[in-house]
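Participant: For reference, the chains in residue letters:
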Amino acid sequence: MNVIIKAKNLSKIYGEKETSVKALDNVDVEFKENQFTAIMGPSGSGKSTLLHCLAGLDRATSGKILLKGQDLSTLNDKQLTKIRRDSFGFIFQAFNLIPTLTAEENITLPASIAGRKPDMEWVENVVKTVGIDDRLTHRPNELSGGQQQRVAAARAMATKPEVIFADEPSGNLDSKSSRELLTFMKSFVEELDQTIIMVTHDPFAASFAGRVIMLKDGEIASDLDSPTQEEIVTEVTSLTNI
Amino acid sequence: MFGFTKRPLFLIAWKNLKTYPVRIFLTTSSIILGVAVIIASNIFSESNKSAFDNLFTGIYEGVDLVVQPIQEDFAQGFSGDGGQGPISFEVKKIPDEKIQEIQNLPSVKASWGEVLGFAQFIKVVDGETILISNGFAPTFGAAWDDNEFAAQWSLVTGSRPTNSKEVVMDVITAEKNDFKVGDRVTVLAGATPATFTIVGTAEFGTVGAPGGSTFALFEFKTAQRLLDSRGEVNLINVVIQDGFDIDDVKNDITNLDKENLSVINAQEAAAEQADSIKQGLDFFNTILNVFAGIAIFVGAFIIQNTFRILLLQRTKELSLLRALGTSKRQIYRLVISESLFMSIIGSGIGIGLGIGLAVAVKEGLQYFEFGLPDGPLVLTTEAAITGLIIGITVTIFSSLLPARKASQVSPMEAIRDSVSTPKRKSLVLRLLLGSLVSIFGFGMLFGVLYDFLDLPTLSSLQQVGFGAGVIFIGISVITPSITKPFVFLFDKIYELIFGILGKLATENSKRTPRRTASTASALMIGLTLISLANVITTSFKAQAESLIGEVILADYQVGAANVFASPGIPTGLSEELLALDEVTKLSRTRATVVGYNERPLILGAVDLTVFDLVKTDDIAGSREDFINKNAVGILKRTAEREELKIGDEVLLTIPEEGQVTFVVSYIFDWTTQPPAEFFVLLENNTFFSEESLDTELYFNVDVKTDELEEKINTIVAGYPGVEIRDEEGLVEEANNQIQLLLNVIYGFLSISVFVALFGITNTLSLSVFERTREIGLMRAIGTYRKQIRRMIFIESSIIAIFGAALGTGLGIFFAWSLIQALADEGFTVFAVSISQTFMWIGIAIIAGIIAAILPAIRASRQNILEAISYE
Ligand SMILES: Nc1ncnc2c1ncn2[C@@H]1O[C@H](COP(=O)(O)OP(=O)(O)O)[C@@H](O)[C@H]1O
Ligand SMILES: [Mg+2]
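Protein chains in written order, with the numbering used here: chain A, 1 to 242; chain B, 1 to 871.
This is chain B alone, in the form it adopts within the complex (with noise of 0.2 Å):
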């Protein structure tokens, strides 16, 4: 029985799929991998946001209104300190007594205090302290909920805390250290640490800890002693009673104390918190969708390439359909009918792969201790309805072309015995287009660089970006028309290494300059990035160092391990290193917030000697006039936005002191990051000379000894909490983070290298196919399989170095245009990293060799007499 399919090019288009697994693998690798980036990092931020909303909605869980006391008008407007150094600035709380007049009222069920601060788990291993932490997150002290109503914390283990000396692990970091109820556990909380029995171990909802923090939890009024709320409370939590009608219950609270307490829902409360998060973590999906559209556009270079390469193989097939009698059309239409089938299977299987790239990235990042939240992986509808079209419109669009290219094919073609070579097209039109564009976006980047074009809508660094994006697209246009000359730069150098086969290699990759070149740009886009990456980071570096190096003038810079952790370094510190012979200068640094024209703004109290440790560079006024009593000293940059010059007098409110006014004399620039704006002598402000607490510290010493070292290490090794550090290791820490996040940009950008991997694959697929006699010619005269593969790994190197010789060109040079457009912000160093890029490029070579391992064992098992026979 014959069947009858009223569509025979969809069944045609669907049986060549079925027949030819490989192909689909070969042209769907692209986008399987693009999508599965955009996937991944659907999952990534959404996971993150629904762990967020969780955690924040756990927080509240039970409690229908949350009391939060009114805080002064620039103490809320200061949200985040920057991560610079501790800062002692007072937040209101609620007393205690308001907690029962709000149980009191009948419309409350009811009503209980949140402690919350501060506090940090230390452990011992081998004899050192380790301050226990999840790299940026939190580590928190609170009060034991006792009320019936309170539903955060249940216990997984022992009992609730009673007394001052206990004291409640999270579950999560008690089984990560290795913490068993019964054990003894230092916490440092304030300044002063101190030893707990450790009597229970206890979950937050589900999730063991929230958002990867820490929690110590104490008995009530342990934690108001230990975490800075002696009589107090950050807010209070209420359940309403049945029957009420919650705008009711929250007028009521309100009218307790209209100037201090402000009342909101408990779900609205949630929601805000987690927003002002999710919005951090905004910028970072942003990253992973800009790597994505990477990952994408690459994916979209190469399957073109791979579309008309498999076409070509299949020119005999399709030239023969059109001799049976099928229209141009119907042969467009088969081959957009396999695309669509590729796309739809590569976009599925993308989908499948990014779930698992998105654990992978999540353990990577817990393994970096980013310290996220936990939670289950979420892949929404509409991420895995993008992802398919995405992937689908992309494959058919890049489809397009090699199609119609296709559809032209002469019905002739069946019956002639040869491979079709393309025709040669002119690529002089090709340069001219090229160098056109280029010419132009260079006029753009040095337009702005230099000072002679500048165009009125973008600010100087998007004009620099725009520029390099149209270089960019320019270069690429060309790239074509100087395979050629590239090439010919190794014809030489190759036929010297490696003789005739260094030769025929060099020759092939002439032959087809337009497959040479977009196989070469595919991983030409990869190397751009990575080095452009690479230098700008190398810059950061050395900047950081230079930097580093003139402004700290100290030999020891002293500060707080955690910001998060300890509000500062107690003052016994700099008593004891002061005594020490060796020291020769010490300056401390301490802080508050305070209010300056209804704004909030840091306070900074300083030793006279801080001017000899850091380096300041005096705008106006004098040092002399900073000396006396109500003198303050303003950054210049304050001095500009504040509009204020020396003389003038400045009202400032200070906690727990009341306005004071002061007389602006001197005006400087503090040129490491500021730990303040507005600055006065330490010694002449009792609210500051009588504080506990530095923020920081730094020192002199006469002769840097191993000894001596050793001797300030042990001082400092007693307070738990500080960190030491000096030049080197100031150095060390900036380099580390910059390494850091340039891995992780590293890995991502890895990712857009493995995808033009296929492209080269491919390309030399096509390239071996095409040259089947000839190969089969020179097996016939002689030539080892062995020297067959090493002409094909040749050929690839070539490919590899001309995309990444041009990438990392093309990235360096970006850097170096992005630095000179950042000059204005204080950029000034321009530095390559000569072993990081040799080391790009070299690892691009070898993944090309490792691409051309297919196609080369496919060449060297080539049937001679197939190749040679004629008939």
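Chain A on its own, in the form it takes in the complex (with noise of 0.2 Å):
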């Protein structure tokens, strides 16, 4: 399997002199077509930081970033921003939705901003895949916490990204809820040949990653490939008690 998008010396410090957190440690870390990686680590660790210098949402203050060998830090604000609409799709843990959009324009919009027509039968097999087919016309405030994620999750789908980023996309959602988003989540991987980076600090959805990685202090402390929930708690425990 080829690398998709990687990580070189990636470096993030906030502030200035005294007063500086390194947020990011010199990070080096390639991710690979068609796996559903998660990343974990306790609070503060930096996984939020990570995912948005990968996602080009935020820029490093050292490294680089090559998405399919092409740099994403020598690029400018535009190109930047294409890159995301064409190449990324995102799901957030809350305030997903333009609330006075339907479920389906909202799920559309990434192609409607870029002024083109969504691949429709692509579309419509995600909404399938997500079961919201019925709720296509509804506002978000008409639906409820998990289908909106579920919405989100069609709407990060619908370009057919290269890579989909999601932090804590299932931190607000019910247990039941939590499984069904991430039995999707799974399957657009192992059934459409997706990619997916997903941050949480939750076990249980880790579990359903293929390979999860451990953030500390900014640095990657292990990396697990198809590890066990319980596997993970004992990584879990074993870093925060260190």
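Please note that a few of the clues may not be correct.
Claimed, not checked - With a straight-line cut-off of 30 Å between C-alpha atoms, the simulated DSS-like cross-links for lysine-lysine are:
(1) Lys117(A) with Lys510(B)
(2) Lys64(A) with Lys405(B)
(3) Lys221(B) with Lys109(B)
(4) Lys328(B) with Lys109(B)
(5) Lys78(A) with Lys786(B)
(6) Lys176(A) with Lys186(A)
(7) Lys117(A) with Lys492(B)
(8) Lys117(A) with Lys405(B)
(9) Lys176(B) with Lys221(B)
(10) Lys484(B) with Lys405(B)
(11) Lys362(B) with Lys180(B)
(12) Lys786(B) with Lys68(A)
(13) Lys109(B) with Lys117(A)
(14) Lys82(A) with Lys786(B)
(15) Lys484(B) with Lys510(B)
Since the hints were made in silico from the structure, they are not lab data.
Fit the two chains together into the complex; they arrive one by one in their own frames, and the hints show the way.
Facilitator: Here you go:
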């Protein structure tokens, strides 16, 4: 499998001199195509920062992000925006949807702002997969939290992106909705050949991923291949206890 | 050390303002403008009043008493001729010898006569003769006062006039037109122009020339000859001998000739003359105050809106104060103290800006040659205090409701993360209430137009105006309820043109219909008035055009270019024109003031051909009878007023002729502005036919060609001060005057549009603030900055179009109603200038987009991570 996106010597420092915080410390990491990766770690370990830098939402202090060999750190705002629109998908913890647009309009929003007609066959396929085909004309405030996140997931998928970034996508959901959402995400990777990088602090959520990366103090502490939930819990406890 | 203050909220309020200067600016912008207009209008009128006061006091400086001739009853009652052509009515004057008689009185130290009339300088530029004047200000000719006590005029350069070939020019006119001592200049005084040598320039008091007028000062005898005052003076100035009582001297002089002389105190005379002019200016002040009122009214809308917006943005801060134990009352007072501070600052700046505005208005009017007197700008303490009080009151009143709302904020808001969205109250009640009010207004308006409801205390025009006002209030109440349906109209079109951005923008304006509506309302007010003014004037223009075409049958009309400067058209012109073969028909008009029933009245004399050249309607009697020697024709409305019918005898007192009896033989309607009320045939009456001046000429030619026009123009050019116009010229002249007025009105109303812009900026700023997360999300998933900006611009255009469309619609409707109400006065044409209407809607949209620039930039610079992070 090919590497689709990778970080080289990535550092992110917040603040100046004495008060500065090193959120990422020389991180080197690669993500392969068609893989579901979970990024874990204690609060403040730099998970979100890493995700934001990879996704072109934030700029690193030093180091490179290479998307299929293209260095994102050299791009200007307009070019980065275009990459986010055409090559990335996003699922955030909350506020994923525009309240004035219907579910369907939210799903096709990235295509609409690009001025393109969405690939309707694909979109229908995705919508069916997440099971919201009967909710398309509803506005976000008429949907449950779980349904909203599924609409967000469908939006992230709609443009057939290279990578989908998810930051605690199930963080606000009850366990049933959470399980459903993660199951869909897993099926995106396994059945629809997508690549997902997900930040979570929940071992249950991480257990859906094929690979789990542990961060601590801005550095990669461990990199697990297809761990079980128990293995993840053990790793997390060992990290937090040191 | 911790400070301690007994008034913590006052301190917080002050600190808040110091920390957020932009906030002050946004909130106070409208109050600044409103106060500025009030102050400007006040300064403007006060300055003019004081300038006129100075002017007239200046005229009588050093003089104790003024001796005036007693005018015959009818001539005295006749003041001002309404600007309708020159009328040679005889004003009584005082014979020269009276000056000496008065001088001989032991109680009189000095006395000298004043000669004043109309005279106009002429300059030649590139072969074209130009009559020098400043707009509507008069052009005077006068005698140079040699008396040692005369203090009005003082020489700036050169010397005084000593013979019939010399003239002194007022220094302003000299400077403006590049005349120097030693130059030759042609002066039009009476009917014939003559050339003089400029021997000096002089200034009046210290102001150059009073009130924008021009002055030609001649040697005494020359002035008398030129200004039709041989052996006479207009009035006599008197300085009394020290130690005499002014009232005794007054009696002494009056006793010289009780029949003909009246004596008044110089200061009284000055005040009297200044007052009569100031009354005329009051009209202008009223207009300015109306505009100030409009600006303040729009301002109140916007202040209220802005307060609501700013307080909503500070929900967290306020709820934190609540959580810390601040009571609702204290929050209320906090907000009110903030508004107090802001209103003081805003009104202060407004006063400053007002001074600037006054200067601008003055310069503007000068540019359009309105010819108001020069003088320093006067800001009275009263005016400043009034501006301050209005500014403060309006601001505080507008902040009451928002303050109450802010005090209701729950202490929990501070802990919650979301930006609070206001509760949605039903708009149905509003719709009902607004509709009720509007229906009431429509009832009043249509009631009078279609005769089913006539309120007894109001004239029909007042009732229409009142109804329009009520409708306007009703519609203002309704607007939030119709925001959604209105925006719905845009939905599909905007989505088609702008795609998803159009959709997002329209959805946003629907999200807060009240806010969209109140923002649009501010713009609506301005646009209503603008389109009202636009349609009324367009209709008047169309009316004038059709009227002129209908009633002026003559190919050409000749009149005096400046009714103040020349008393008429020398008769030689009509003779020269008649000598042309191409001239087929010509009618002369002359006029004089006569007495009838102890009152002044204008008697006109015409040629019989006038009936072919000007449209007249027969009412009673016939033109055949009008030819009779002692026949008089009367206008219909005069006949009705004086209760005269065919066959009645009228006794007229004619100057220098005595009493003459005429028989009413013809009653008719003169469809244009009539030159007189009574008419006789010119050739029948020697006192007319031997006059040397015509007031108007109408004539027809066989074929209008360029050559002929050239020929006629050459002839007319030989008579300076005379102007020739064809139909197009008349229409153009009427239109120019209307357009000038319209431009002035537009200028003032633009201020209200300008004020409304701040409202749009504020509303959009809030809208952007509320959507921080939404905009961040859109940016995250790949929306360009440019697209975010475009979205805000589109949203702004919706507000602008909403306000402009409503305003334009209402304005056109109100204009239509007014014209219907004026139908009895002869207004029948209702015309809408499509181009100007769209121009203003276009201006409103562009203005809306300009107002959106700042919020749009702010939105597009939104930090993505800040907007989407959740912790
Ligand atoms: N905007 C910021 N300014 C300053 N420090 C920040 C900022 N964002 C994150 N940090 C700091 O960087 C470190 C990593 O943060 P983050 O990536 O959000 O961690 P995680 O998502 O793993 O909880 C933390 O110590 C946090 O306090
Ligand atoms: Mg995080």
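Participant: Let me make sure I understand: some of the numbered hints might not hold for this structure. Which ones are they, in numerical order?
Facilitator: Those not satisfied are hints 2, 4, 8 and 13.
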